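Colleague: Sequence:
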Amino acid sequence: MLTDGEALLNRGLLLRRLKEFGISGTSWWKGLDHFADWRNTNLLGPQQIPTEFVDYLLYTASTKPKNAIEIGVSFGGTALFSFAFFKALDPDFEYHCVDIDNSLKLSKKILKMLPLSLHIPNTSDDLAGTVFDVVFIDGNHSYSWAKRDYENLGKHAAKICAFHDINAKEYIPEGGGAFKFWRELRATVAREAPMIDFSHAVPGPGVSSDGLWMGIGIVDFSRKHEAV
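In my numbering, the protein residues as written are 1 to 228.
Think of the hints as simulated: they come from the structure by calculation, not from any bench. All values derive from a computational prediction rather than experimental measurement. For every residue, glycine included, the Cβ atom is placed at its ideal position computed from N, Cα and C. Hints may be right or wrong, so weigh each one.
As a list, the in silico SDA-like pairs of lysine to any residue whose alpha-carbon atoms are at most 20 Å apart [said to hold, decoys possible]:
(1) LYS112 / GLU184
(2) LYS155 / ASP197
(3) LYS87 / THR3
(4) LYS109 / PHE93
(5) LYS169 / LYS155
(6) LYS19 / THR3
(7) LYS155 / ASP101
(8) LYS66 / LYS147
(9) LYS19 / ASN67
(10) LYS87 / ASP126
(11) LYS224 / THR63
(12) LYS224 / VAL189
(13) LYS64 / SER142
(14) LYS169 / ARG223
(15) LYS147 / VAL131
(16) LYS66 / THR41
(17) LYS180 / ALA190
(18) LYS30 / GLY211
(19) LYS87 / LYS109
(20) LYS147 / ALA168
(21) LYS147 / GLU184
(22) LYS87 / ASP4
(23) LYS66 / PRO50
(24) LYS155 / ASP126
(25) LYS64 / ARG223
(26) LYS19 / LYS87
(27) LYS64 / THR130
(28) LYS155 / ASN67
Label-pair distances were calculated between CB atoms; the ranges are [unchecked claim]:
(29) VAL228 / ASN102: 39 to 49 Å
(30) ALA187 / ILE110: 36 to 46 Å
(31) LEU111 / GLU20: 19 to 29 Å
(32) ILE172 / PRO115: 37 to 47 Å
(33) ILE110 / GLY5: 14 to 24 Å
(34) GLU226 / ALA7: 15 to 25 Å
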């Protein structure tokens, strides 16, 4: 990917690279059965719906960010693929990772090639108010933490704040999760910055009859204007 450069802005090529890398095989959800041939056999790999993830990356790249921070990195698959993508476009790109536990499954060789800036063990509280171009929120999925991560870092994003699992109804028992908080943001933030939903879940087993599952939501602060 690092040698692909700007060719990665082609959606078809980026999807092929993601398929080669593989999505996480640590947990397998029925809702991803149509991507079964993309499943990785090891611990690494993004845990998002592939097309949602790629469209988030491509949209974010259009704002030409210089750095990003991911809240909740687990084994590091999403961070690794994201960093490789952004670094292919900008060799000076910086990628930061925040998590309460160190569960990364990245070799020293990989970290030398892609030197992630690790803030582990930490939470967004420890970096509150820091400005990053891109903030990707995918940590604790309770409502209180979705809101807290946004207040600490998301709302300070210079260009893009993104949430994973904006359609994940399974987290509603946890105060509503990102599902509830994303919908609350629509009532205010959409008046001053574009809000975009990538929702590609297929209705059926493991999802729901209405197709609401996973999903990535973007607030595009790069196009922020005076609130109306």
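Colleague: Next step is simple, just say for each hint if it's right about the structure.
Modeller: Now the hints, each set against the structure:
| no. | hint | verdict |
| --- | --- | --- |
| 1 | LYS112 / GLU184 | violated (41 Å) |
| 2 | LYS155 / ASP197 | holds (17 Å) |
| 3 | LYS87 / THR3 | holds (10 Å) |
| 4 | LYS109 / PHE93 | holds (19 Å) |
| 5 | LYS169 / LYS155 | violated (23 Å) |
| 6 | LYS19 / THR3 | holds (17 Å) |
| 7 | LYS155 / ASP101 | violated (24 Å) |
| 8 | LYS66 / LYS147 | violated (25 Å) |
| 9 | LYS19 / ASN67 | violated (25 Å) |
| 10 | LYS87 / ASP126 | violated (26 Å) |
| 11 | LYS224 / THR63 | holds (12 Å) |
| 12 | LYS224 / VAL189 | holds (9 Å) |
| 13 | LYS64 / SER142 | violated (31 Å) |
| 14 | LYS169 / ARG223 | violated (29 Å) |
| 15 | LYS147 / VAL131 | holds (17 Å) |
| 16 | LYS66 / THR41 | violated (32 Å) |
| 17 | LYS180 / ALA190 | holds (15 Å) |
| 18 | LYS30 / GLY211 | holds (13 Å) |
| 19 | LYS87 / LYS109 | holds (16 Å) |
| 20 | LYS147 / ALA168 | holds (15 Å) |
| 21 | LYS147 / GLU184 | holds (10 Å) |
| 22 | LYS87 / ASP4 | holds (10 Å) |
| 23 | LYS66 / PRO50 | violated (23 Å) |
| 24 | LYS155 / ASP126 | holds (15 Å) |
| 25 | LYS64 / ARG223 | holds (13 Å) |
| 26 | LYS19 / LYS87 | holds (19 Å) |
| 27 | LYS64 / THR130 | holds (19 Å) |
| 28 | LYS155 / ASN67 | holds (16 Å) |
| 29 | VAL228 / ASN102: 39 to 49 Å | holds (44 Å) |
| 30 | ALA187 / ILE110: 36 to 46 Å | holds (42 Å) |
| 31 | LEU111 / GLU20: 19 to 29 Å | holds (20 Å) |
| 32 | ILE172 / PRO115: 37 to 47 Å | holds (38 Å) |
| 33 | ILE110 / GLY5: 14 to 24 Å | holds (20 Å) |
| 34 | GLU226 / ALA7: 15 to 25 Å | violated (38 Å) |
Of the numbered hints stated above, those contradicted by the structure are hints 1, 5, 7, 8, 9, 10, 13, 14, 16, 23 and 34, listed in ascending order.
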